[in-house]
Amino acid sequence: PIGLKTMEAFMGSMIKESDVPFDIDRPLTTEEENDLLKYNIHDVKETMKVFEHLRHEFDSQLQMIEAFELSFTQFNKTKAQLSAHILKATKQSDRGDEFEYRYPDTLQLGKYEYVKEWFDNNKFYKTPDGKKNQLLTEVAGVPTVFGFGGIHSSLNNIIEEGIILCADIASMYPALIIEYELMSRNVEGGVKRYKEIRDTRLKYKAEKNPMQQPLKILLNATFGTFKDEYNPMFDKLMSNSICIAGQLLLTDLVDKIEPYCKVLQKNTDGLFMKVDNMENVAKIKEIASEWEKRTRLDLEWDIFKKIVQKDVNNYILVPDGDLYDSKGKPKWKAKGAFV
Numbered sequence: 004p005i006g007l008k009t010m011e012a013f014m015g016s017m018i019k020e021s022d023v024p025f026d027i028d029r030p031l032t033t034e035e036e037n038d039l040l041k042y043n044i045h046d047v048k049e050t051m052k053v054f055e056h057l058r059h060e061f062d063s064q065l066q067m068i069e070a071f072e073l074s075f076t077q078f079n080k081t082k083a084q085l086s087a088h089i090l091k092a093t094k095q096s097d098r099g100d101e102f103e104y105r106y107p108d109t110l111q112l113g114k115y116e117y118v119k120e121w122f123d124n125n126k127f128y129k130t131p132d133g134k135k136n137q138l139l140t141e142v143a144g145v146p147t148v149f150g151f152g153g154i155h156s157s158l159n160n161i162i163e164e165g166i167i168l169c170a171d172i173a174s175m176y177p178a179l180i181i182e183y184e185l186m187s188r189n190v191e192g193g194v195k196r197y198k199e200i201r202d203t204r205l206k207y208k209a210e211k212n213p214m215q216q217p218l219k220i221l222l223n224a225t226f227g228t229f230k231d232e233y234n235p236m237f238d239k240l241m242s243n244s245i246c247i248a249g250q251l252l253l254t255d256l257v258d259k260i261e262p263y264c265k266v267l268q269k270n271t272d273g274l275f276m277k278v279d280n281m282e283n284v285a286k287i288k289e290i291a292s293e294w295e296k297r298t299r300l301d302l303e304w305d306i307f308k309k310i311v312q313k314d315v316n317n318y319i320l321v322p323d324g325d326l327y328d329s330k331g332k333p334k335w336k337a338k339g340a341f342v
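Per this note's numbering, the sequence shown starts with residue 4, numbered consecutively.
Any given hint might turn out to be false.
[Claimed, not checked] Computed list of lysine to aspartate or glutamate pairs in DMTMM-like fashion (alpha-carbon distance at most 20 Å, straight line): (1) K230 - D100; (2) K8 - D46; (3) K230 - E49; (4) K277 - E101; (5) K8 - E49.
Derived by calculation from the structure, the hints in this document are not laboratory data.
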């Protein structure tokens with residue numbers, strides 16, 4: 004969707020166009036010919052430079068084509084379009100039921116049951132004055148926004164040191180699609196093929212087989228197709244149900260662990276918290292293990308020694324010990340334009 008000139012500008016390259024008018028009605032002078040030649044060669048070189056920067060996009064597209072034995076005529080399709088083709092989706096008209104949410108049958112929201120009730124009573128995206136329809140509240144003492152795009156919640160402009168415990172729901176959207184059967188209703192056979200691809204990917208990943216990568220791309224591209232009206236996977240009900248389920252299940256977890264920590268942030272698929280001691284870390288993980296069994300979702304854990312946080316989208320997490328692992332990979336995490 005981005006033009007070559009824009010990408011040239013991003014790379015700091017010259018973006019001056021040729022001085023020769025395109026509608027000239029006489030033979031070009033030698034000087035004009037040279038100017039056009041220079042301009043065209045420059046654009047070809049810049050196209051090559053863009054390709055070098057985005058080679059990984061080309062490679063991932065090629066991997067998907069090869070992994071699923073597709074025709075090379077599919078190369079000009081987006082990953083979302085390829086996902087729909089591989090999963091055998093058939094375009095359907097809008098069913099008009101996007102607000103008839105399907106909630107996880109495992110939910111135990113406790114004192115935050117009112118959040119689910121808000122979704123039940125708010126079946127519209129925008130308020131009469133044109134603003135996003137959102138629930139502004141507090142969860143575990145942290146200002147929190149629930150809505151149709153996800154959860155946003157953080158203590159802003161803070162620096163905390165100590166035990167900074169981070170929990171992320173592993174592959175949350177694919178897991179929700181599979182565990183709660185929230186696949187697009189336009190897909191032949193429902194969630195069955197998607198689950199087979201997920202299971203194969205996990206097998207390949209354990210074997211360190213590079214063929215896991217194109218499967219991962221497909222799994223992660225699928226959710227984004229559900230609200231694309233031009234994609235055969237288009238199913239707004241399932242998109243809303245997945246997004247809301249993720250917010251509610253994360254809130255369910257916070258409800259159980261908040262007595263043992265100070266919650267610092269909740270994002271789409273995880274949360275950061277400060278914990279006083281390792282005994283409480285063990286207690287949190289014990290409670291979370293029960294949550295995992297009930298919800299059929301898996302958590303991944305990290306511990307850091309410091310967080311510098313402007314807001315939910317701008318932060319730095321500093322590890323205890325070395326900043327890099329033995330292979331030179333950073334052990335710190337950073338997100339956002341500010342950092």
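Given hint E49 paired with K230 - CA-CA distance at most 20 Å: violated (34 Å)
Agreement of K230 and D100 with the hint, judged by alpha carbon distance not exceeding 20 Å: Roughly 13 Å between the alpha carbons, so the hint for K230 and D100 holds.
K8 paired with D46 [C-alpha distance capped at 20 Å]: holds (9 Å)
20 Å limit on alpha-carbon distance, applied to hinted pair K277 and E101: violated (38 Å)
K8 paired with E49 [C-alpha distance capped at 20 Å]: Status holds; Cα separation ~9 Å.
Violated hints for the displayed structure, listed by number in ascending order: 3 and 4.
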